[in-house]
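Number of protein chains: 2
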Amino acid sequence: MLNFEFRNPTKILFGKGQIASLAKEIPSGAKVLMLYGGGSIKQNGIYDQVRSALDGFTVLEFGGIPANPEYEVLLKALKVIKEEKIDFMLAVGGGSVIDGVKFLSSAALYDGDNPWDILAQRIVTKVGLPFGTVLTLPATASEMNSGAVISRHETQEKFTMGGPGLFPQFSVLDPQVVASIPKRQLANGITDAFTHVLEQYMTYPIGALLQDRIAESIMQTLVEVAPKVIKDPSDYEAAANFMWSCTMALNGLIQKGVPTDWAVHAMGHELTALFGIDHARTLAIIAPSHYRYNFDGKKEKLAQYAERVWNITTGTTDEKATAGIKATEDFFHSMDINTRLSAYTGEFKGTAQIISQKFTERGWNGLGERKALTPADVEKIVEMSY
Amino acid sequence: MLNFEFRNPTKILFGKGQIASLAKEIPSGAKVLMLYGGGSIKQNGIYDQVRSALDGFTVLEFGGIPANPEYEVLLKALKVIKEEKIDFMLAVGGGSVIDGVKFLSSAALYDGDNPWDILAQRIVTKVGLPFGTVLTLPATASEMNSGAVISRHETQEKFTMGGPGLFPQFSVLDPQVVASIPKRQLANGITDAFTHVLEQYMTYPIGALLQDRIAESIMQTLVEVAPKVIKDPSDYEAAANFMWSCTMALNGLIQKGVPTDWAVHAMGHELTALFGIDHARTLAIIAPSHYRYNFDGKKEKLAQYAERVWNITTGTTDEKATAGIKATEDFFHSMDINTRLSAYTGEFKGTAQIISQKFTERGWNGLGERKALTPADVEKIVEMSY
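From first to last, the protein sequence lines are chains A and B. Just so you know, the first sequence maps onto residues 17 to 402 in this note's numbering. Just so you know, the second sequence maps onto residues 17 to 402 in this note's numbering.
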């Protein structure tokens with residue numbers, strides 16, 4: 017097991033009706049900015065529940081934060097925060113809204129000239145403007161971690177940011193919100209969370225027995241509940257397990273003491289930037305090729321995964337590992353997630369070269385758990401995903 | 017799944033050499049009281065490592081906190097804290113030292129006349145004097161939770177206390193400390209942690225699939241590493257998994273969203289108070305009888321546990337459940353933990369009646385996950401454990 021530090025101070029309020037409890041978590045007298053996305057919360061009743069829970073606070077609103085939260089839009093919210101002297105933010109949405117609010121949390125207290133530097137210079141945020149979240153779309157675990165991904169359309173770029181000052185003060189997870197999520201988003205959420213676990217697990221054995229088993233537990237649970245959630249998102253028990261699994265998949269716990277990969281995300285982000293493909297689907301496109309290409313370095317963990325998550329108990333290590341990759345693809349397909357780039361765009365020729373060149377231009381530190389993948393490797397993996 | 021709230025802000029510093037990192041976690045200029053137990057840390061080198069890490073701080077010491085931390089001893093430490101205007105405490109020890117420091121954390125800021133009231137009146141501590149820990153004996157998870165158990169010899173009583181103000185600011189977990197722990201304490205630690213999981217798991221199914229699997233993961237890991245740790249406590253990989261499993265067993269995570277039992281602890285505490293039997297061993301004495309006595313209400317979880325932890329996959333639910341209890345006993349026996357009260361004392365006659373009467377006198381709220389056990393039930397369970 018590797019040495020690690022772990023701290024996660026976010027308070028979780030989980031369960032039926034918990035939106036009503038959020039007021040007790042916000043400092044009394046705070047001037048609150050409520051931020052949300054495209055307005056679906058006004059259709060499904062969550063907006064009304066939150067406004068009702070905020071009764072007694074001075075509340076301003078900022079709607080319209082898009083998927084892959086956009087820098088230019090966030091700058092408009094930043095202006096409101098500064099002009100209105102906001103004390104507390106409440107993100108009501110999925111990972112995009114929450115990630116956007118994390119950028120704002122950092123930018124609101126940033127004393128440099130240009131908030132873009134937070135992203136471009138990878139500045140670690142030690143203290144941010146306090147915020148809470150009401151999760152409406154389980155997937156990214158942004159509700160219980162301190163990281164964010166911000167996009168800038170102008171330059172077709174996605175940047176990650178983070179720091180110990182960016183944990184939400186609290187997050188409300190009411191599984192009842194799952195009932196109104198469209199099937200496509202449910203499949204995306206499950207795929208995203210499942211791949212988060214894979215990125216922290218599918219490396220090489222390091223003797224972290226408990227972390228391995230907890231990672232497998234999350235994947236087993238997602239596999240068990242996926243068909244139920246997609247068939248009937250109002251199935252509360254399935255929704256609750258889906259929601260908690262997504263949070264646990266990336267709240268920091270399972271990555272502690274183990275090597276992590278994250279190459280699938282690095283390549284996937286480029287597909288979203290180039291083609292606007294849903295984040296989760298880019299992961300499903302890249303992951304199988306990535307594991308096939310890096311088979312030798314990952315086969316022991318692939319075989320363990322095949323055994324414990326998919327109950328593939330016969331065959332050699334190589335055979336089990338191969339079957340594990342196939343089972344992963346089948347799982348994505350079972351949710352109508354296509355795992356080929358060509359299914360999403362006719363323009364895929366040359367994509368591999370474009371992406372590998374982008375990585376080269378940005379300065380190359382190596383990808384994967386051994387930091388050993390070169391731009392040439394990336395090119396081959398993306399090509400295998402066509 | 018039941019509704020829940022979860023927050024655990026303790027920072028964990030895990031791994032080889034992490035004791036050297038603790039100074040960065042203590043406010044600079046703080047006047048520190050270092051507290052420890054019987055002095056074994058002076059033999060095994062931990063004392064020197066901690067003193068060296070605290071170089072530059074004003075440090076006072078208070079040694080001699082006994083196992084089952086004793087109220088009268090703690091009052092002496094409280095006097096030091098107040099007279100010397102201590103800003104920060106550092107607990108160096110196992111669960112007893114850490115629990116004792118939690119009482120002190122609460123008592124140092126308590127504004128009532130008598131600190132005993134914190135225990136007797138079950139006062140919830142919202143803010144305590146800040147403290148960190150260096151764990152020397154994995155078992156109780158006190159290093160990452162906000163609860164404590166305090167004893168008072170005078171009245172033969174053990175009281176629990178806690179509150180959100182009693183999380184350690186940080187805890188250092190260096191698995192190298194395991195190498196110098198005597199075999200008896202190792203067996204106790206494994207048994208204690210394993211039973212902590214059982215108390216939060218062995219109830220009835222509530223559809224919390226992920227919590228069940230994480231609980232099983234901890235038990236599987238303890239079962240896997242137990243023989244290695246006991247055979248060779250300097251096996252770093254085994255020690256690291258043992259240490260992290262103990263912490264995860266009672267840091268609050270697996271009890272969220274599920275019913276919990278804790279009747280084994282309630283009865284076990286009485287055996288320690290009456291006979292001075294090691295805490296962990298009292299749990300091993302009570303648990304099998306408790307599960308046999310409450311078989312019908314627990315058999316579904318017992319069977320799931322038998323299947324997933326012990327790989328008992330054939331037979332009816334009743335047969336698997338029965339085999340699961342037997343496997344638990346065998347596990348304890350494999351570590352030379354006797355599961356019969358008569359092995360520890362010749363004075364066991366009448367114990368069941370004494371304990372059931374004590375419960376009655378204190379006012380009875382019912383024990384177990386259904387709060388349905390009566391003093392008469394307790395009497396029968398303790399008798400079955402003779």
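Hints are computed from structural coordinates only; laboratory data are not their basis. The reader is advised that the hints may include incorrect statements.
As the list makes no split between identical chains, a pair holds if one copy fits it or if it spans any two.
[What the hints assert, rightly or not] Listed next, the in silico DSSO-like pairs over lysine-lysine satisfying Cα-Cα at most 27 Å (straight line): (1) Lys92 / Lys247; (2) Lys142 / Lys47; (3) Lys244 / Lys272; (4) Lys244 / Lys199; (5) Lys27 / Lys40; (6) Lys32 / Lys199; (7) Lys40 / Lys244; (8) Lys142 / Lys27; (9) Lys272 / Lys32; (10) Lys40 / Lys342; (11) Lys342 / Lys199; (12) Lys365 / Lys101; (13) Lys396 / Lys174; (14) Lys95 / Lys142; (15) Lys98 / Lys396; (16) Lys92 / Lys387; (17) Lys92 / Lys174; (18) Lys272 / Lys40; (19) Lys272 / Lys27; (20) Lys174 / Lys32; (21) Lys387 / Lys32; (22) Lys32 / Lys374; (23) Lys98 / Lys374; (24) Lys92 / Lys244; (25) Lys142 / Lys40; (26) Lys387 / Lys40; (27) Lys92 / Lys396; (28) Lys365 / Lys47.
key: Copy assignment of Lys40 with Lys244, given that the CA separation must stay at most 27 Å   = neither (34 Å within a copy, 48 Å between copies)
inquiry  = Treating 27 Å as the Cα threshold, decide for Lys142 and Lys27: within, between, both or neither.
reply    = both (18 Å within a copy, 15 Å between copies)
request  = Evaluate Lys272 and Lys32 at a C-alpha cut-off of 27 Å and name the case that applies: within, between, both or neither.
outcome  = The answer is between: 14 Å across copies meets 27 Å, while 31 Å in one copy does not.
request  = Go through the copies and call it for Lys98 and Lys374: within, between, both or neither, with a Cα cutoff of 27 Å.
outcome  = The answer is neither: 35 Å in one copy and 62 Å across copies each exceed 27 Å.
request  = Since the copies are identical, ignore which copy is meant and state whether Lys272 and Lys27 lie within 27 Å (CA to CA) inside a copy, between copies, both or neither.
outcome  = Intra 20 Å, inter 12 Å, cutoff 27 Å: intra and inter.
request  = With 27 Å as the alpha-carbon cut-off, assign the pair Lys244 and Lys199 to within, between, both or neither.
outcome  = Only inside one copy: Lys244 and Lys199 sit 11 Å apart there, 48 Å across copies, limit 27 Å.
ask   = Taking 27 Å as the upper bound on the Cα-Cα distance, should Lys92 and Lys174 be classified as within, between, both, or neither?
value = within (19 Å within a copy, 58 Å between copies)
message = When Cα atoms must be at most 27 Å apart, do Lys27 and Lys40 count as within-copy, between-copy, both, or neither?
response = both (12 Å within a copy, 25 Å between copies)
Identical-chain pair category, Lys387 with Lys40, by Cα at 27 Å = neither (45 Å within a copy, 30 Å between copies)
task = Evaluate Lys95 and Lys142 at a C-alpha cut-off of 27 Å and name the case that applies: within, between, both or neither.
result = Answer is within; shortest intra-copy Cα gap is 21 Å, inter-copy 37 Å.
query = Given a CA cutoff of 27 Å, do Lys98 and Lys396 count as a within-copy pair, a between-copy pair, both, or neither?
reply = Answer is neither: 47 Å inside a copy and 67 Å across each miss the 27 Å cutoff.
request  = Evaluate Lys342 and Lys199 at a C-alpha cut-off of 27 Å and name the case that applies: within, between, both or neither.
outcome  = within (23 Å within a copy, 46 Å between copies)
In summary, the numbered hints that this structure violates are 1, 7, 10, 12, 15, 16, 20, 22, 23, 24, 26, 27 and 28.
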